[in-house]
Structure formats: C-alpha cells, structure tokens
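K.L.:
Now for the letters of each chain:
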Amino acid sequence: MSNATRPVHTAPTFMQGVWLVSNREITARVRSKAFLIATGILLLISMASVIVGGILSQNTTLTKVAAVGTAISVVEQADAFDIVETDTIADAEALVSDGTVEAAVVPFARADSVLGITVIAESSAPSEVLSALSVSPNVRILDPAKQDGFLAYLVAIGFGIIFLMSATTFGATIAQSVVEEKQTRIVEILMSTISVRALLAGKVLGNSLMAFAQIVSIGLLVSIGLAVTGQRVLLADVGPAIVWFAVFFAFGFVLLAALYAATASMVSRQEDVGSATSPVLFLVMVPYFLVIFFNDNPLVLAIMSYVPFSAPVGMPVRIFLGEAEWWEPVLSLVVLALSTMLVIVIGSRIYSNALLRMGARVSLRDALKR
Amino acid sequence: MLDIKSVNKRYGTRQVLTDVSFSVGDGRMTGFVGANGAGKTTTMRIILGVLSPDSGTVLIDGAPVTANDRRRFGYMPEERGLYPKMKVAEHLVYLARLHGLDPASARRNTSDLLERLDLDARAGDTVESLSLGNQQRAQIAAALVHDPEFLVLDEPFSGLDPLAVEAVTGVLAGYAAQGAPVLFSSHQLDIVERLCDDLVIIADGKVRANGSPETLRKQHSRERFEIRTAGDVGWIREVPGVSSVDFDGDYAVFECVTDAASQAVLQRAITLGAVYSFSQLRPSLATIFKEVIS
Numbered sequence: 001m002s003n004a005t006r007p008v009h010t011a012p013t014f015m016q017g018v019w020l021v022s023n024r025e026i027t028a029r030v031r032s033k034a035f036l037i038a039t040g041i042l043l044l045i046s047m048a049s050v051i052v053g054g055i056l057s058q059n060t061t062l063t064k065v066a067a068v069g070t071a072i073s074v075v076e077q078a079d080a081f082d083i084v085e086t087d088t089i090a091d092a093e094a095l096v097s098d099g100t101v102e103a104a105v106v107p108f109a110r111a112d113s114v115l116g117i118t119v120i121a122e123s124s125a126p127s128e129v130l131s132a133l134s135v136s137p138n139v140r141i142l143d144p145a146k147q148d149g150f151l152a153y154l155v156a157i158g159f160g161i162i163f164l165m166s167a168t169t170f171g172a173t174i175a176q177s178v179v180e181e182k183q184t185r186i187v188e189i190l191m192s193t194i195s196v197r198a199l200l201a202g203k204v205l206g207n208s209l210m211a212f213a214q215i216v217s218i219g220l221l222v223s224i225g226l227a228v229t230g231q232r233v234l235l236a237d238v239g240p241a242i243v244w245f246a247v248f249f250a251f252g253f254v255l256l257a258a259l260y261a262a263t264a265s266m267v268s269r270q271e272d273v274g275s276a277t278s279p280v281l282f283l284v285m286v287p288y289f290l291v292i293f294f295n296d297n298p299l300v301l302a303i304m305s306y307v308p309f310s311a312p313v314g315m316p317v318r319i320f321l322g323e324a325e326w327w328e329p330v331l332s333l334v335v336l337a338l339s340t341m342l343v344i345v346i347g348s349r350i351y352s353n354a355l356l357r358m359g360a361r362v363s364l365r366d367a368l369k370r
Numbered sequence: 371m372l373d374i375k376s377v378n379k380r381y382g383t384r385q386v387l388t389d390v391s392f393s394v395g396d397g398r399m400t401g402f403v404g405a406n407g408a409g410k411t412t413t414m415r416i417i418l419g420v421l422s423p424d425s426g427t428v429l430i431d432g433a434p435v436t437a438n439d440r441r442r443f444g445y446m447p448e449e450r451g452l453y454p455k456m457k458v459a460e461h462l463v464y465l466a467r468l469h470g471l472d473p474a475s476a477r478r479n480t481s482d483l484l485e486r487l488d489l490d491a492r493a494g495d496t497v498e499s500l501s502l503g504n505q506q507r508a509q510i511a512a513a514l515v516h517d518p519e520f521l522v523l524d525e526p527f528s529g530l531d532p533l534a535v536e537a538v539t540g541v542l543a544g545y546a547a548q549g550a551p552v553l554f555s556s557h558q559l560d561i562v563e564r565l566c567d568d569l570v571i572i573a574d575g576k577v578r579a580n581g582s583p584e585t586l587r588k589q590h591s592r593e594r595f596e597i598r599t600a601g602d603v604g605w606i607r608e609v610p611g612v613s614s615v616d617f618d619g620d621y622a623v624f625e626c627v628t629d630a631a632s633q634a635v636l637q638r639a640i641t642l643g644a645v646y647s648f649s650q651l652r653p654s655l656a657t658i659f660k661e662v663i664s
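Residue numbers (this note's numbering), protein chains in the order written: chain X, 1 to 370; chain V, 371 to 664.
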C-alpha cells in the first residue's frame with residue numbers, strides 16, 4: 001500500500017466518539033456476569049415485593065363465626081363474617097372448641113343488653129370480631145391525608161433503596177472502568193484518538209443508559225406486577241411518582257456518574273478506588289437517610305426534594321404524598337439539570353488533568369488546575 | 371515528514387524536555403535512544419498530543435499537527451494497555467472505529483493484521499487470556515489497525531521473543547518501505563542498530579546527537595582498525611598519526627587521527643611480510659551511545 005492509495009478515513013465527530021465509547025461500555029456491562037447477576041437479583045427483589053404485597057392484601061378471607069338463632073341477623077348486619085349457623089348454643093361452643101370457627105355469637109337472654117348477644121371464644125376475647133360487632137362513634141377528619149403513613153414510609157424506602165443501589169453499583173462500575181483504563185494505560189491510546197471530554201461523556205452516557213434501563217425495567221415490572229395482582233388502586237397512586245422517579249433518576253444519575261468518574265480518575269490503582277470515591281458515596285447516602293427518617297416531616301422533605309443529590313428520592317415521595325404543587329417537580333428538575341451541567345464541567349476538568357498522572361493520588365487542587 | 375521543533379516541557383520545577391528538535395523523514399526508521407527518564411516517553415506523548423508542550427511545535431509536512439491529524443498516527447505507548455476482558459479482534463475493531471474507520475474496513479484491517487502477526491488463531495480470545503508475547507503482538511496490531519501514516523512506538527520490542535521481534539521488525543520495515551515516517555524507542559541497541567536509518571540520542575531532556583548511524587560514528591568515535599600479520603606488530607605505535615594501540619604479538623587494534631595514517635600502517639605491514647587481515651572496526655551503537663551521553 002503506497003501513500004497514494006492509502007484509504008482516507010475521516011476523523012470521528014465528537015458525537016460519534018461518544019457513541020463508540022458508550023457502546024463499548026454497554027457491551028462490556030452486558031457481558032459481565034457480575035452485572036447480569038446483580039440486575040437479576042434486583043429485578044427478583046422488586047418482583048417479589050410486589051407479589052408478597054399482593055398476597056398480603058388479598059389475604060382478607062372472612063373470619064368464620066358460628067351464630068345461633070336471633071344472633072344470626074346481628075352477625076349478618078356486620079357483613080364481615082363467614083357465618084356458620086348452628087341450632088344450639090352447645091353446638092356453637094363445640095365448633096369454637098375444635099377450632100372450626102373463631103368465635104360463636106349467641107343470643108343473650110338479659111333484656112338490658114343493647115345488642116342482645118354474647119360472643120363466645122376459646123381462650124381470649126376475639127378483638128377482630130368484637131370491633132366488627134361494636135358500634136363506633138362518627139369520625140370527621142378536617143385535613144385528610146392522601147396516603148396513610150405506613151404506605152408512604154414503604155414507598156419512600158422503595159425509591160430510596162432502588163436509587164441507592166443503582167447509583168452505587170453503577171457508580172462503582174464507572175469508577176472501576178476509569179481506573180482500569182488508567183491502570184492498563186489504554187487511556188493513552190484513547191486520548192490520542194478522541195478528546196478527553198468525548199471519552200468521559202461516552203462513559204457517563206453508556207453507564208447512565210444501562211442504569212436507566214434497569215430503573216425503567218424495575219418500574220415496568222412493579223407496575224405490571226401491581227396490575228396483575230389486582231392492586232390497581234395502589235398503582236394509580238404510585239404510578240405518577242414512579243414516572244417522576246425515572247425522570248429525576250436520569251438526571252441525578254448523570255450527575256453522580258460524572259462525580260464518580262472524576263474522583264476515580266485521581267487514583268491509579270483499583271485498591272484506591274473505594275477511598276477515592278467515598279465522598280461521593282457519602283453524598284448519595286446522607287440525603288437518602290434524611291428522606292427515610294424524615295418522610296413524615298414536610299419541611300425536611302421539601303428541602304430535600306430540591307437538593308440535587310436527594311431530589312430523585314425526595315420529590316417522587318412528595319408527589320406520592322400529594323404534597324408537591326404541579327410546578328415543584330419541574331423547578332427541582334431545573335435545579336438538578338443545572339447542577340448536573342456544572343458538575344460535568346468541573347468533573348471533566350478533573351478527569352482530563354488527572355488521567356495521565358500515574359502513581360500517587362492526584363490532589364484535588366492539582367486536578368482542578370487549568 | 372514529522373518535525374519536532376524546540377519543544378520544552380516542565381513538570382512542576384523539573385525541566386523534562388529542553389529545546390528538543392529533530393525530524394523523522396518519510397520512509398525513515400528512526401531510532402529514539404536514551405536512558406530511563408531521559409524524556410523519550412514525554413516527547414512521544416507530546417507528538418501524539420496526549421500531552422501539550424509548554425512551548426514548541428510538532429509539524430507534519432510543515433504544518434502544525436491538529437487534533438484531527440492524530441488519527442493518522444499509529445501509537446504504541448510504553449506501558450502496555452488494552453482492555454483485559456475484551457476479545458482481541460473486537461478490541462482492534464473498536465480502536466479502528468475510534469480512528470474513524472467504517473465497520474467494514476475496521477474488520478478487514480483487523481483480520482489482515484492478525485494474520486500478518488500470526489495471531490489469527492487468537493482473534494476470539496480475551497486479551498487477558500493471551501501469553502505475554504501475544505499480548506505484545508496484539509498491542510502492535512492496535513497501533514497499526516487504522517492504516518496510520520506515521521508510527522510512534524515506545525519500546526515496541528520489549529518483552530518480545532526473538533520470533534516476535536522478527537515478525538514486528540518485518541511489519542515496521544514494511545511500513546517504512548511504503549514511505550511512512552517511523553519513530554521507535556528501544557533499549558535493545560542491537561535491534562536499533564540493525565533497523566534504524568536515523569538515530570536520535572536523548573539525555574536529560576536534551577537531544578545529544580541526531581543523524582544516520584554512519585554520521586554519528588564519524589562524529590563521535592575515532593576510526594579504529596584491526597590488523598593481523600605474520601610478524602610482531604609493535605612498530606605500529608611509531609607510525610605518525612596513530613593515537614593508541616592495543617597489541618598482542620602479531621595482532622593489533624589501533625586508532626588513527628587521520629585516514630592517511632591507517633593506510634600508512636597497511637603499506638608498511640605489507641612491506642614487512644604477510645598480512646592476514648586488515649579491517650576497519652565499526653564501533654557498536656552501544657559504544658557510540660556511551661560516547662555521546664558521557
């Protein structure tokens with residue numbers, strides 16, 4: 001091949017470079033057994049939690065109660081029991097003794113009893129039966145909560161765990177792959193072909209796409225699971241929050257990915273990745289715990305839903321609780337997007353300054369130098 | 371033609387390169403020789419644009435190198451690195467694509483190169499599963515897979531067995547024969563001596579000598595001759611123009627200040643009796659190297 005016949009190749013554009021790098025990241029991830037197993041476990045856990053929730057909620061089989069004579073109509077009015085009619089009180093007592101029914105309801109002879117019934121149980125007073133048969137006073141709630149506290153707690157934990165797990169696993173993956181390139185020095189070849197920014201952008205994009213795909217599949221799985229197990233009511237409540245969660249996650253993850261890549265580029269050995277990226281891990285975990293612990297404190301939650309690191313968890317929880325105005329997620333998203341851009345600019349400076357420095361950890365001041 | 375012009379580079383307070391200038395001509399295999407820490411790797415990184423110099427320029431055919439020209443270089447860094455878990459052929463295709471090749475040419479170049487480097491049987495294996503020598507071959511393939519117009523290779527022969535050295539020198543010489551400037555560094559001076567058309571010797575960040583091995587020999591060492599005759603050769607030290615002599619009975623090695631002196635010795639020897647051998651001793655590259663950097 002002489003110079004004259006040498007084929008002329010045009011240099012890849014920035015976007016082509018980014019795309020090639022992100023493609024490689026995705027392929028490497030998909031081929032990694034550790035990644036496939038971790039994803040499988042995460043999907044299984046979310047599926048299992050939906051199914052278990054479904055079974056628990058459907059497990060409202062009516063309590064079996066024996067009833068005699070005039071007590072039958074009283075029990076029927078309560079409309080909460082599977083009634084076994086017996087002829088005599090003795091028969092009813094026998095059913096209670098052998099465990100066929102939870103309790104027996106029999107007519108009460110004394111005239112001053114309002115209900116005119118007696119509840120017979122085996123060893124202790126059956127509170128469920130008693131509360132169903134008793135007359136409760138009227139209740140008027142001035143400011144009804146949209147969701148009950150326990151469910152809100154579960155939803156907050158659910159979002160929190162998924163965000164934390166995805167962010168830390170993918171963050172660690174990015175950090176490792178940055179150091180792998182540095183340690184094997186392939187980064188020198190990469191830097192001689194495409195710009196450092198294209199390299200960083202490709203890594204962040206590839207891993208973010210994978211993380212986002214994981215989140216979307218969990219979201220779909222949970223939604224389908226809720227629909228299939230007949231928890232449509234819950235789906236209608238959680239659905240919008242899940243969608244917002246996915247949107248916030250997309251931005252929040254890019255921010256974290258850039259931070260992980262930048263901090264990891266300051267060290268040269270895999271052994272040092274953990275300590276180098278621990279400040280980022282701290283940033284992810286602190287707001288997460290605040291959201292979990294203060295999920296019944298509207299003020300803390302409101303602040304958290306605007307702080308970029310905790311917004312992906314905080315804002316969806318507030319949307320679920322019905323506390324957020326329509327413009328709040330939009331504003332928070334703008335804050336998140338702006339801080340993501342800022343972090344990418346700073347991160348890519350650290351990344352390009354630190355990438356060729358081998359050996360000792362690069363100080364943050366050196367890494368930020370022009 | 372690749373020109374490095376007055377390149378300076380400083381790391382903190384340490385001046386790593388001082389006014390480094392040299393050229394790599396078209397089709398010239400140029401050996402880049404220097405002790406560890408002399409500045410070879412830094413120079414190569416600057417040529418590739420991986421590092422930027424504090425001052426000075428790198429020119430291709432007279433025009434400064436742009437980021438867009440980098441894809442025309444084939445680069446092999448000193449510290450070897452490929453993704454350990456990627457398959458060899460896939461890896462090469464990836465690097466070719468990063469240099470702007472379309473998928474079809476990337477695949478074609480990859481299979482051609484693997485065949486030439488005798489690595490085609492390993493195309494589907496992961497890089498980490500290769501032997502050290504084969505990893506080196508894969509690394510060389512990585513530098514060549516995108517049809518580079520210039521080669522910059524940092525220690526391409528380290529860690530290669532003799533067979534692989536042959537394969538690699540063949541490939542590099544082929545590139546130079548097509549007119550590509552080839553710059554390579556090596557500590558194996560015998561290989562450099564055998565391969566290079568030009569030589570650049572660097573020490574403490576300064577270019578100490580630069581030119582064809584013949585020129586450097588002339589510049590940096592006296593002419594040395596060897597003679598074996600039938601009789602004793604002790605008389606040689608009396609000949610005017612001979613500066614130093616090592617003799618052992620009928621055998622002597624001597625240095626001459628002038629060319630004429632060596633001929634005077636030969637003529638005198640012939641008049642004295644039989645001469646079995648008379649030859650000019652070519653100092654090895656190692657000798658020149660020591661001479662130059664001392």
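Hints listed in this document are in silico derivations from the structure and should not be mistaken for laboratory results.
Each hint should be verified, as a subset may be incorrect.
No more than 25 Å apart at the CA atoms, straight line, and that leaves these computed lysine to any residue pairs for SDA-like [as the list claims (entries may be wrong)]: (1) X:33 to V:381; (2) V:576 to V:457; (3) V:457 to X:220; (4) X:369 to V:437; (5) V:455 to X:161; (6) V:455 to X:286; (7) X:33 to X:292; (8) X:33 to X:19; (9) V:576 to X:357; (10) V:375 to X:41; (11) X:369 to V:381; (12) V:455 to X:213; (13) X:33 to V:580; (14) X:33 to V:660; (15) X:33 to V:576; (16) V:660 to V:580; (17) V:588 to X:213; (18) V:588 to V:398; (19) V:457 to X:30; (20) V:455 to X:180; (21) V:455 to X:185.
Derived list of chain V stretches under chain X, where covered just means 3 residues or more per stretch with a C-beta under 8 Å from a C-beta of chain X [unchecked claim]: (22) 410-422; (23) 450-461.
Far from chain X by the CB rule (all over 10 Å, computed), these chain V residues [unchecked claim]: (24) 437; (25) 441; (26) 464; (27) 468; (28) 500; (29) 512; (30) 595.
Glycine included, every Cβ here is placed at the ideal spot set by N, Cα and C.
K.L.:
Evaluate each hint against the coordinates.
P.N.:
We went through each hint and held it up to the structure:
Proposed proximity of residue 33 (chain X) and residue 381 (chain V) is contradicted: the alpha carbons are some 42 Å apart, above 25 Å. For a cut-off of 25 Å, the pair hint linking residue 576 (chain V) to residue 457 (chain V) is broken: about 41 Å separates their Cα positions. Taking the CA atoms of residue 457 (chain V) and residue 220 (chain X), the gap is about 34 Å. The hint is violated against a cut of 25 Å. Among the hinted pairs, residue 369 (chain X) with residue 437 (chain V) is consistent with the structure: their alpha-carbon atoms are about 22 Å apart, no more than 25 Å.
Taken as a hint, the residue 455 (chain V) and residue 161 (chain X) pair is broken in the structure, with Cα atoms around 30 Å apart against an allowance of 25 Å. With a C-alpha separation of about 35 Å, the suggested pairing of residue 455 (chain V) with residue 286 (chain X) is violated against the 25 Å cut-off. Using a Cα cut-off of 25 Å, the hinted pair residue 33 (chain X) and residue 292 (chain X) is violated, with the two alpha carbons roughly 32 Å apart. Between residue 33 (chain X) and residue 19 (chain X), the direct Cα distance comes to roughly 23 Å. Compliance with the 25 Å bound is thereby established for this hinted pair.
Restraint check: the Cα-Cα separation between residue 576 (chain V) and residue 357 (chain X) comes to about 23 Å, which is no more than 25 Å; the hinted pair holds. Between residue 375 (chain V) and residue 41 (chain X) the CA atoms are separated by roughly 58 Å; this puts the pair beyond 25 Å, and the hint is violated. The hinted pair formed by residue 369 (chain X) and residue 381 (chain V) meets the criterion: a straight-line CA distance of about 13 Å does not exceed 25 Å. Annotation: proposed proximity of residue 455 (chain V) to residue 213 (chain X) holds, straight-line Cα distance about 23 Å (limit 25 Å).
Proposed proximity of residue 33 (chain X) and residue 580 (chain V) is contradicted: the alpha carbons are some 53 Å apart, above 25 Å. With a C-alpha separation of about 53 Å, the suggested pairing of residue 33 (chain X) with residue 660 (chain V) is violated against the 25 Å cut-off. For a cut-off of 25 Å, the pair hint linking residue 33 (chain X) to residue 576 (chain V) is broken: about 50 Å separates their Cα positions. Taking the CA atoms of residue 660 (chain V) and residue 580 (chain V), the gap is about 14 Å. The hint holds against a cut of 25 Å.
Using a Cα cut-off of 25 Å, the hinted pair residue 588 (chain V) and residue 213 (chain X) is violated, with the two alpha carbons roughly 68 Å apart. With a CA separation close to 20 Å, the supplied pair residue 588 (chain V) and residue 398 (chain V) stays within the 25 Å bound. The suggested pairing of residue 457 (chain V) with residue 30 (chain X) holds, with an alpha-carbon distance near 14 Å, which does not exceed 25 Å. With a C-alpha separation of about 11 Å, the suggested pair residue 455 (chain V) and residue 180 (chain X) falls inside the 25 Å cut-off, and the hint holds.
The hinted pair formed by residue 455 (chain V) and residue 185 (chain X) meets the criterion: a straight-line CA distance of about 14 Å does not exceed 25 Å. By the rule of at least three residues with a Cβ nearer than 8 Å to a Cβ of chain X, the coverage given for the stretch 410-422 of chain V holds, with 5 such residues. Counting residues of the stretch 450-461 of chain V whose C-beta sits closer than 8 Å to any C-beta of chain X gives 7, which meets the bar of three, so the coverage hint holds. Against the 10 Å criterion, residue 437 (chain V) falls within the reach of chain X, whose nearest CB is about 7 Å from its own CB.
Residue 441 (chain V), annotated as away from the interface, has a beta carbon of chain X within 10 Å; the closest lies near 5 Å. Once the 10 Å rule is applied to beta carbons, residue 464 (chain V) is inconsistent with being away from chain X; the minimum gap is 6 Å. Interface exclusion of residue 468 (chain V) from chain X breaks down, the closest Cβ pair being 5 Å apart, not more than 10 Å. With 10 Å as the threshold on Cβ separation, the claim that residue 500 (chain V) sits away from chain X holds: the shortest Cβ distance comes to roughly 13 Å.
A Cβ of chain X approaches the Cβ of residue 512 (chain V) within 10 Å, the least distance being about 7 Å, so the stated non-interface status is violated. Even its closest Cβ contact with chain X, about 43 Å, leaves residue 595 (chain V) beyond 10 Å, as expected for a residue assigned away from the interface.
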